[in-house]
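A.B. asks: Each chain, letter by letter, is given below.
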Amino acid sequence: MRRFTPAKFFKGMNLTVFTFAMLFLYIPILILVVFSFNDARIVTSWKGFTLKYYAQLLHNVAIRDAFLNTMLIAGLSTLFSTLLGLLIALGLENKKLKGRKGFMGLLYAPLVIPDILMGVSLALLFNFLRVNTGMWTVLIAHITFCVSYAAIVIQSRLEGFDYSLIEAAMDLGAKPGTTFFKVKLPLIMPGVIAAALLSFTLSIDDFIITFFTSGRGFDTLPIYVEGTIRRGTITTINALSTLVIGLTLLLVVFTKRIRKSLISSF
Amino acid sequence: MKSNSKSSRLDYLLAAPTLIWLTVFFLVPYFIVLIYGFLTPDIFDVKFEFNLDAYRQLFDGTYFRPFVLSVKLAITTTLLCILIAYPVAYLIARASDKIKNTLLILIIIPFWTNLIIRIFSWRIFLSYNGVLNDILMRIGLISQPLEIMRTDLAVIMVMVYVYLPYMILPLYSVLEKLDFTLLHAAMDLGANEVKSFFKITLPLSLEGIFAGVLLVFIPALGTYLIPQLVGDQRSLYVGQVITYKIKNIPRNWPMASALSFGLLILVAIFLLLGYILLKKSKVRGVA
Amino acid sequence: MEEIRIVNISKDFDGFMAVDGVDLTIKPGELFSFLGPSGCGKTTLLRMIAGFEMPLKGKIFIGDQDIVDLPPYKRPVNTIFQNYSLFPHMTVWDNVAFGLKVRKTPLPEIKDRVSEMLDLVKMGDQHSKYPDQISGGQKQRVAIARALINNPKVLLLDEPLAALDLKLRQHMLIELMNIHDAVGITFIYVTHDQSEAMSISDRVAVMNRGKIVQEGPPDDIYERPSSIFSAYFIGETNLITGEVIGIEDEYVQLKCPMGDDEYFEIDSTFHFRPEIGSQITVSLRPEKIAISSNKPKIADDMNIVKGVIEDILYLGSHTQYIVRVGKHNIRVFSQHKRVYFDDKALDWEEEVWLFWHDTDSWLINELPDESRMPAEGKTYIPKFKKANASAGEQI
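Chains as they are written, first to last, in this note's numbering: chain A, 1 to 266; chain B, 267 to 553; chain C, 554 to 948.
Some clues are possibly wrong.
What the hints assert, rightly or not - Some chain B residues flagged as far from chain A (calculated, every beta-carbon gap over 12 Å):
1. I309
2. L318
3. K338
4. K364
5. V440
6. I542
What the hints assert, rightly or not - Just a sample of chain A residues kept apart from chain C, beta carbon distances all over 12 Å, derived:
7. W136
8. T179
9. G246
To be verified - With a straight-line Cα cutoff of 25 Å, these simulated SDA-like cross-link-like pairs (lysine to any residue) come out:
10. C:K706 / C:G582
11. C:K654 / A:L187
12. B:K443 / C:D685
13. B:K461 / A:L187
14. B:K443 / B:K513
15. A:K101 / B:K546
16. C:K627 / A:D162
17. A:K11 / B:F464
18. A:K182 / C:K664
19. A:K101 / B:E473
20. A:K175 / C:S688
What the hints contain is simulated information worked out from the structure, not anything from laboratory work.
Note that this is a predicted model, so its numbers are computed, not measured.
The C-beta atom is built at its ideal place from N, Cα and C for all residues, glycine as well.
Sequences are here, hints too, so could you generate the full structure?
C.D. replies: Written out as structure tokens, the structure reads:
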């Protein structure tokens, strides 16, 4: 006999919502990908397969520059924010350190304040200091909003760290430096890599803070895309987006492998 | 063994670069925001003359509507996110380990795809001659294209779409750690599934909900890009107003500063409120 | 080979004296145990020898060298950690080679010594596995190899068997003794488990509240406890207080109150001369007492009291009887060799005779803490926590 039970209802509801959420998350992206191959100027209906937007993309100097700028900023800000995050995570590891609470407050505050405020405040700082906005100001801004995320990820890895392993290494004759590089760093490496990946993602994804801190002539990809959308010349954006999504997917697939090989190489 | 003072000196040394960085590029800028609010606007810049106009306008209600709209939007987005994210997170948390990772990656991929691109894809989907209208007309559900783009509904849809993963992930991590034998215990003691959900699962996952709210509500308050790209240009949100005051000419940086400060205070109030709520729920022995 | 001398060493944690003025000499090549309940300071003492804790004051000599100011990596000691602390990101081989690698030993030598050590602990065929791929007992072996490969003068073992199950624990205990015989260096062994300490050690230091209570070979500590603490912590015992009413050449006479103004007398040999009229304690091990429902014919040098069986606990190898003698509940272990005294099983509430030899009671010049003295009919419960494993261990 089939009977309606709350358990079945819950399970059914969960599944329904899940399917809906998945469709919700993926349909727009799917459409974007499909239409990047659509041979029509206005994206309404299917007119035939083409790669011409991809060809246009290759010859578009502005996009190439924006892409290179994005990578440059993301690479550098990842490097610096991960390093700074690692340093402060190690520095604040000792829970009894005087002033730790205040330092943690400063470190976590950027996480609970809307991006736009960081953008505005940095824009005003650079204006106040009469600094010309450009690559350097964008880099500074990106490091500033990435560092807290990097620190938190590394801190959470340090949280469960088995301190007796450090003692074991010293007991076996390893000096503090050797102990750090041979035992501690390799063991928190997954956290460091996760922090770097997060910083990189945040950096290439950021629009609003870059928007406030970049000057004319220094566009990152999000800034370029937004400008293009605003101007209405969107033909190549589909193709560009598809490439970005493809890259993201590749990254997701490979990060697991990269992370694994990185860990075992230590 | 290192002596205590020596090792804490090293700790300070390690923490110092980041702390100095955050002081210079995070704390100090807010003081400048505070100062700029009392200056006089210029077409391209500010004049260093004391002026109370910006704060006067902030308090006399001229900019009341953007704040109300932003708070309303943030609340709606957060509630919808909780409603959708909870069942999703629950389902993932209870899935077998193998499927679990795949499902999580499915949630994270959009989160890793560029924000602007994702918003742009919604424009294609929702626009007047876009895919959604196309489909709906083809299956004969409507005869005229719907005006969804550039409405408040579009803003809410895209907001939920963008912020959903931020709600799913913390909820998942709490539900994943939840001891499901507690549910069996509750049922063993006579609570049915519905009761045990409200008495056990929900209270125990409050912490995840709070984390999710923090990750969704706060950024939603300051959102600029989504209403800018898909919203009705007659409803302006705080983020948009601030941006216009900075980017559009004539510039009014004192006004942008005052509005930013207003937003900052609003965020602080909500954080405090959340903190009190969380503490209260902890006192009661939950979360 | 060098002896270890610990001189007046103390350590405090936020004002709490974890180790309080300990003096100790450990002979070269000895297997020496620190035994005590949790929080007694044994692990802190060990960690000070290893160099993980800085003493408040005092010195630790290995031979003539005071090592207190040396960092752990410069001390000629190695440690087996409670949870082994194997490096999870290294193979068994790399774990064992770690100490030699950080000392920049040439690779061919490392290879030889690692395979030699792995053979010693019978892990030669597991060298390429990671710690999470081997069992608890195997981890233990790797930890031993990893420590011993550095040729330490002293091997410190911090509750090394605590994470293993009972059977494996007994097996590893024998293995540890064999390894100790094979390498011949000094082992310092920390445990809360008295049976472990008793079976493995040459000498034992019993610790309580940061101090060494008694020090000596295991049988000495068991048979001749110097304090109520060591009597109670090592093995099981009955503590009976009484007034000294007579001293002869060979024994003292004690008058022990049983409540309700009733008394029984105990004769006991003595190792110190108590004063007549003073109050002292007798420690009487449960296995030394014989029990019978028939009144036995006894010699002059035997004690006898009459009681009622309160409880019977069948424990496999022996039975524990709790016998009410006035206000005392006396525990008696009886192995299952009833042929000697009884032809029928004893029963609850049965009247029985308890008897033991004068030389089997042991005087302790100390009185149990009055505030902890048993209420009528209850057993004395000492202030410290009884080690949790001991009950199971005796089965």
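A.B. asks: Looking at the structure, which of the earlier hints fail to hold?
C.D. replies: 8, 13, 14, 20
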